[in-house]
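**Q** Taken in order, these protein sequences are the chains called A and B.
Mapping to my numbering: the first sequence position 146 is 146, numbers consecutive.
Mapping to my numbering: the second sequence position 234 is 234, numbers consecutive.
Mixed in with the good hints, there may be bad ones.
Because identical chains share one entry, a pair is satisfied inside a single copy or across any pair of copies.
To be verified - Think about it this way: if two alpha-carbon atoms lie no more than 27 Å apart in a straight line, the pair counts; the simulated DSS-like pairs of lysine-lysine are:
#, residue 1, residue 2
1, Lys51, Lys130
2, Lys223, Lys10
3, Lys194, Lys285
4, Lys294, Lys123
5, Lys76, Lys285
6, Lys285, Lys171
7, Lys199, Lys123
To be clear, the hints were calculated from the coordinates, so they are not data collected in a lab.
There are 2 protein chains.
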Amino acid sequence: MALRYELIKKDKSSGARLGRIYTEHSVIDTPVFMPVGTQATVKAMAPDELKDIGFEIILSNTYHLYLRPGHDIVAKAGGLHGFMHWDRSILTDSGGYQVFSMSHLRDITEDGVAFRSYIDGSKHFIGPEKAIEIQNALGADIIMAFDECVPYPCDRDYALHAVERTTRWAKRCKQAHADERQSLFGIIQGSTYKDLRQKSMEEIVNIGFPGYAVGGLSVGEPKDVMYDILEYIMPNMPDDRPRYLMGVGSPDCLIEGVIRGVDMFDCVWPTRIARNGTVMTSQGKLVVRNAAYKDDMRPLDEQCGCYACRNFSRAYIRHLFNVGEILGARLATIHNLYFLAGLMSDIRKAIMEDRLLEFRDIFFGNYYKSQTLS
Amino acid sequence: MALRYELIKKDKSSGARLGRIYTEHSVIDTPVFMPVGTQATVKAMAPDELKDIGFEIILSNTYHLYLRPGHDIVAKAGGLHGFMHWDRSILTDSGGYQVFSMSHLRDITEDGVAFRSYIDGSKHFIGPEKAIEIQNALGADIIMAFDECVPYPCDRDYALHAVERTTRWAKRCKQAHADERQSLFGIIQGSTYKDLRQKSMEEIVNIGFPGYAVGGLSVGEPKDVMYDILEYIMPNMPDDRPRYLMGVGSPDCLIEGVIRGVDMFDCVWPTRIARNGTVMTSQGKLVVRNAAYKDDMRPLDEQCGCYACRNFSRAYIRHLFNVGEILGARLATIHNLYFLAGLMSDIRKAIMEDRLLEFRDIFFGNYYKSQTLS
Numbered sequence: 001m002a003l004r005y006e007l008i009k010k011d012k013s014s015g016a017r018l019g020r021i022y023t024e025h026s027v028i029d030t031p032v033f034m035p036v037g038t039q040a041t042v043k044a045m046a047p048d049e050l051k052d053i054g055f056e057i058i059l060s061n062t063y064h065l066y067l068r069p070g071h072d073i074v075a076k077a078g079g080l081h082g083f084m085h086w087d088r089s090i091l092t093d094s095g096g097y098q099v100f101s102m103s104h105l106r107d108i109t110e111d112g113v114a115f116r117s118y119i120d121g122s123k124h125f126i127g128p129e130k131a132i133e134i135q136n137a138l139g140a141d142i143i144m145a146f147d148e149c150v151p152y153p154c155d156r157d158y159a160l161h162a163v164e165r166t167t168r169w170a171k172r173c174k175q176a177h178a179d180e181r182q183s184l185f186g187i188i189q190g191s192t193y194k195d196l197r198q199k200s201m202e203e204i205v206n207i208g209f210p211g212y213a214v215g216g217l218s219v220g221e222p223k224d225v226m227y228d229i230l231e232y233i234m235p236n237m238p239d240d241r242p243r244y245l246m247g248v249g250s251p252d253c254l255i256e257g258v259i260r261g262v263d264m265f266d267c268v269w270p271t272r273i274a275r276n277g278t279v280m281t282s283q284g285k286l287v288v289r290n291a292a293y294k295d296d297m298r299p300l301d302e303q304c305g306c307y308a309c310r311n312f313s314r315a316y317i318r319h320l321f322n323v324g325e326i327l328g329a330r331l332a333t334i335h336n337l338y339f340l341a342g343l344m345s346d347i348r349k350a351i352m353e354d355r356l357l358e359f360r361d362i363f364f365g366n367y368y369k370s371q372t373l374s
Numbered sequence: 001m002a003l004r005y006e007l008i009k010k011d012k013s014s015g016a017r018l019g020r021i022y023t024e025h026s027v028i029d030t031p032v033f034m035p036v037g038t039q040a041t042v043k044a045m046a047p048d049e050l051k052d053i054g055f056e057i058i059l060s061n062t063y064h065l066y067l068r069p070g071h072d073i074v075a076k077a078g079g080l081h082g083f084m085h086w087d088r089s090i091l092t093d094s095g096g097y098q099v100f101s102m103s104h105l106r107d108i109t110e111d112g113v114a115f116r117s118y119i120d121g122s123k124h125f126i127g128p129e130k131a132i133e134i135q136n137a138l139g140a141d142i143i144m145a146f147d148e149c150v151p152y153p154c155d156r157d158y159a160l161h162a163v164e165r166t167t168r169w170a171k172r173c174k175q176a177h178a179d180e181r182q183s184l185f186g187i188i189q190g191s192t193y194k195d196l197r198q199k200s201m202e203e204i205v206n207i208g209f210p211g212y213a214v215g216g217l218s219v220g221e222p223k224d225v226m227y228d229i230l231e232y233i234m235p236n237m238p239d240d241r242p243r244y245l246m247g248v249g250s251p252d253c254l255i256e257g258v259i260r261g262v263d264m265f266d267c268v269w270p271t272r273i274a275r276n277g278t279v280m281t282s283q284g285k286l287v288v289r290n291a292a293y294k295d296d297m298r299p300l301d302e303q304c305g306c307y308a309c310r311n312f313s314r315a316y317i318r319h320l321f322n323v324g325e326i327l328g329a330r331l332a333t334i335h336n337l338y339f340l341a342g343l344m345s346d347i348r349k350a351i352m353e354d355r356l357l358e359f360r361d362i363f364f365g366n367y368y369k370s371q372t373l374s
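Start from the sequences, fold in the hints, and give me the full structure.
**A** Have a look at this one:
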């Protein structure tokens with residue numbers, strides 16, 4: 001079935017929205033953070049561990065799965081749900097961002113993008129129709145239009161050019177998409193130009209999609225610039241559709257994004273820093289791989305109830321990182337995902353109780369008291 | 001408490017024994033395979049996953065834990081059980097094998113072994129008293145005497161020399177060991193010389209320990225030579241003590257070892273091949289990382305009930321290895337350990353029913369029908 005979005009409540013003092021997304025596979029409370037399983041696995045995690053934490057939706061990457069193992073193999077397994085043993089919701093991106101940012105020798109035409117694989121240099125082509133074909137084979141609940149994602153900074157002419165092409169490609173994506181069980185989201189571009197963002201939003205909304213994403217942010221611009229764009233564009237977006245800010249996942253950006261009206265987020269950052277030995281705690285970030293924790297018998301976060309914090313000490317996890325053991329990456333990843341799931345739950349509760357701005361101040365006061373924002 | 005060994009039944013047509021070891025932390029049915037957690041973690045596994053499979057005892061390595069994180073830190077965590085969150089039995093080796101096989105610039109005297117760390121070249125010394133001191137701090141249920149493990153091949157004079165030193169060191173270990181909650185096992189050396197094995201066994205048994213290990217086998221000698229030594233020495237060992245064959249864990253050696261009277265085994269091989277993409281199945285080994293399995297939607301082993309086989313296909317696990325994802329190593333490790341736990345359970349059942357030799361023939365017929373023994 002196509003997804004259904006229910007707007008439950010708007011925050012009285014900010015743009016924040018409490019809502020719910022219903023898909024064939026799960027019910028997703030929003031605002032929501034979606035863990036990223038780039039290659040059909042959230043790195044270091046098993047699907048049951050994601051369920052234990054309470055995630056109802058994860059993201060996977062079309063570009064990577066197209067190259068390896070190939071969407072034909074995933075389709076043969078009954079789609080991503082069967083292939084990776086995940087029976088809740090999945091969102092796939094379109095491959096657009098990766099084609100533009102990771103590929104060598106890419107050649108962009110109106111048709112799409114010819115590129116060489118980052119793995120073996122082999123030649124490939126993805127355009128709007130191909131992106132939909134691949135995503136239809138992968139079978140995610142939510143799929144994304146193929147867009148042109150520009151880098152930051154980007155001159156106005158090129159940004160305008162990309163907005164217009166993104167609109168034309170969005171129409172072709174909608175035309176090519178036949179599978180009613182999957183919900184196709186449109187993507188708004190426009191770099192850091194407010195008028196271009198507004199133009200892109202109007203054109204994409206005019207085509208009509210069951211949900212809308214803001215792409216091309218969190219690509220290197222200052223956070224204030226991102227917040228400014230969101231503040232400008234979000235109030236003009238349709239109330240009855242979920243809004244997805246792509247590539248965002250640090251605590252400050254999640255909270256500031258929600259305050260400006262974002263419902264969905266994804267980012268590799270929380271799981272990546274975990275594998276590098278850094279965890280988020282109620283008192284801020286903690287680099288557990290540091291020697292300072294070698295005989296610290298406290299859990300990562302004394303206020304946390306995750307599997308890692310219930311059973312293991314900083315000293316043990318530090319040891320695991322120090323000697324390069326897989327369990328270190330596993331425990332830190334579990335912890336960071338649990339932390340973000342808890343943060344989103346707290347955010348939803350604060351919206352329900354009309355005290356999100358107060359929650360932000362208290363959270364930031366604890367989390368960032370001894371460090372710069374990140 | 002010190003361990004208690006209960007001999008339940010002897011096989012009518014072989015040297016195999018069915019038994020049970022009681023420690024402070026668990027009851028261990030023997031013959032048993034012990035997974036190796038060299039650095040206070042069975043690689044890629046969480047302790048709860050080991051419990052789910054049913055393991056009642058694991059092994060950890062004194063040499064590695066002494067170097068990192070240091071036995072003082074483990075002691076501060078309440079010993080290995082607390083440090084790694086494992087509330088069942090643990091066995092630690094003495095560090096002897098690693099000191100002799102892994103260390104640089106080692107200097108062996110009657111006192112012990114001076115060596116340099118393989119990590120940073122720092123200077124260290126471990127002798128019988130130090131090995132016991134470290135193991136007392138680690139707090140395992142079963143600890144091992146510090147022995148001189150000779151390589152294969154080894155000339156008779158040196159092997160004799162090592163046997164005599166191992167006996168003198170065993171006495172010093174027993175003398176140094178004060179903690180009654182830990183059971184200290186003696187180790188029998190003697191290389192591939194039957195008369196030296198007999199001499200070592202008599203001397204070690206004469207000192208008196210709650211269990212006896214056969215060391216210095218599975219160090220490169222042909223399997224037939226190992227079996228021959230076991231066949232010679234095992235019938236002469238005390239009936240009322242567990243017998244531990246160190247460093248053995250392939251299916252054929254486990255079965256042949258049990259047939260000759262071994263009760264306990266350990267080896268890194270099953271978890272190491274798993275991380276390299278090879279699994280054991282009822283039909284033999286399967287190199288799941290091979291491209292041949294890229295679209296094979298069957299489980300690793302259609303007769304297996306492990307977490308990996310219940311939920312994931314060869315195609316998915318092959319993909320995980322192909323793209324270097326941690327979950328691949330996790331699933332293959334879970335499978336191989338489940339396979340060996342099941343094999344040992346089948347072996348115990350076959351002993352109970354006096355049909356171990358028949359079981360061996362059927363198992364080998366399936367497992368090795370298309371490959372050489374390994």
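**Q** Which of the listed hints are not met by the structure?
**A** 1, 3, 6 and 7
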